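Following the working numbering from start to finish, the sequence shown increments by one per residue and tops out at 406.
Worth double-checking, as some hints may not be accurate.
[To be verified] Label-pair distances were calculated between CB atoms; the ranges are:
(1) A309 to D385: 35 to 41 angstroms
(2) D156 to S190: 20 to 26 angstroms
(3) V210 to M327: 36 to 42 angstroms
What the hints contain is simulated information worked out from the structure, not anything from laboratory work.
Model, not experiment: these values are computed from the prediction.
From the three backbone atoms N, C-alpha and C, an ideal C-beta is built for every residue, glycine too.
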Amino acid sequence: MNFPVKIMQDGLVARVARVAEIAAKHADTVDAEARFPREAVDAMKAERLLGIQVPRHLGGESASITEIAELCSMLGQVCAASAMVFAMHHIKLSSLVEHGADSEWHRSFMRSIAAEQLLIASATTEGGIGGNLRNSICAVEVDGDTCRLEKDATVISYGSHADAILITSRAHAQAASSDQVLTAFLKDQYTLEKTHVWDTLGMRGTCSDGFLFKGEAPACQILPKPFAEIAAQSMLASSHLLWSGVWYGIAVDAVVRAQAFVRAAARKAPDAQPPGALRLAEVSNLLQMVKSNVVAGLKAYEDAKADADRLSSMGFAVAMNNVKIASSETILEIVNHAMLICGIMGYKNGTPFSLGRHLRDAHSAQLMISNDRILGNTSSMLLVHKQDTSLLG
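Using the sequences provided together with the hints, build the complete structure.
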């Protein structure tokens, strides 16, 4: 995605490149065996990448979402599952960085994440509500200085492998389903009883099994801001932007493989235009559209970060929703084009041009948060919000 200045100063590209080299070696077995990308995540920890978003004064590197999106795209080019684990960890970390600074416990937690390279998982889905993260059935129980929570979490990505889980619930037993809080539980403060196995078409290495979660912890681990505020001001944008970075990476590698196929054909018949050359030009255009979409979204987020009202506005939510919709729909078109260019060599597994894993991973994009749900929310906001028609935003 090319945001080089600060990344090159911090050496993040070189560190992520080393992780990507390891992730690439294991990507096919991670997918085939639906296993956690342990080698890649261990490399992330060794390169101290899990704490880069933590502010410098708390032991991190103050990396921006723009920088992290670039790293997600680099990992996405070699192993989408590893990239998605990295993205989801930083999505949860953004909630802490943006909304936990006023709490001594959460500041200490961020110090631990940076120092110990803790991996954070998310539990926002629940039996009975599906993927609607802005509603909860379960409620956290606060008893003096202690809080307890039991949740039927139908999906906790890499839950068995995480060092901590950030989990949503109603604020109390009498709270409305949308009156939610976000609580951090450390690994020794909860138990997980597996209820669903993650056996899926793609993104198999995220190991997003379902669990019955039971946790008990000090009540100070509940984030001080309502989850509605956290979701609107950090989680919405970071999810759509970092996921889009991963998807862009998948698309980049598909196009690179298609380009290599066309070049190989051109070398064999230098006097004739190789099959697929026109489609390659077309798919290059689509890839640039995705890149421009994500870059524009990242700029909009960075510009809005200092203004809480702007982050919570309908206009900002519509813009972030549109980034997600456009990226997730276009990536499938790109990988399909690349498959047509590579033909049977792209369809087969085990060739330099194989695209089956890319295609299966890309299908997750429209489902992580459902595009239909996002379009429904956007359409409701557009009934009362004037569309921004400025070219410069």
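Now the hints, each set against the structure:
Distance hint check for A309 and D385: the Cβ-Cβ separation is about 24 angstroms, which falls outside the suggested range of 35 to 41 angstroms. Hint check: D156 to S190, Cβ distance near 22 angstroms, so the stated range 20 to 26 angstroms holds. The hinted range of 36 to 42 angstroms is satisfied by V210 and M327, whose Cβ atoms lie roughly 39 angstroms apart.
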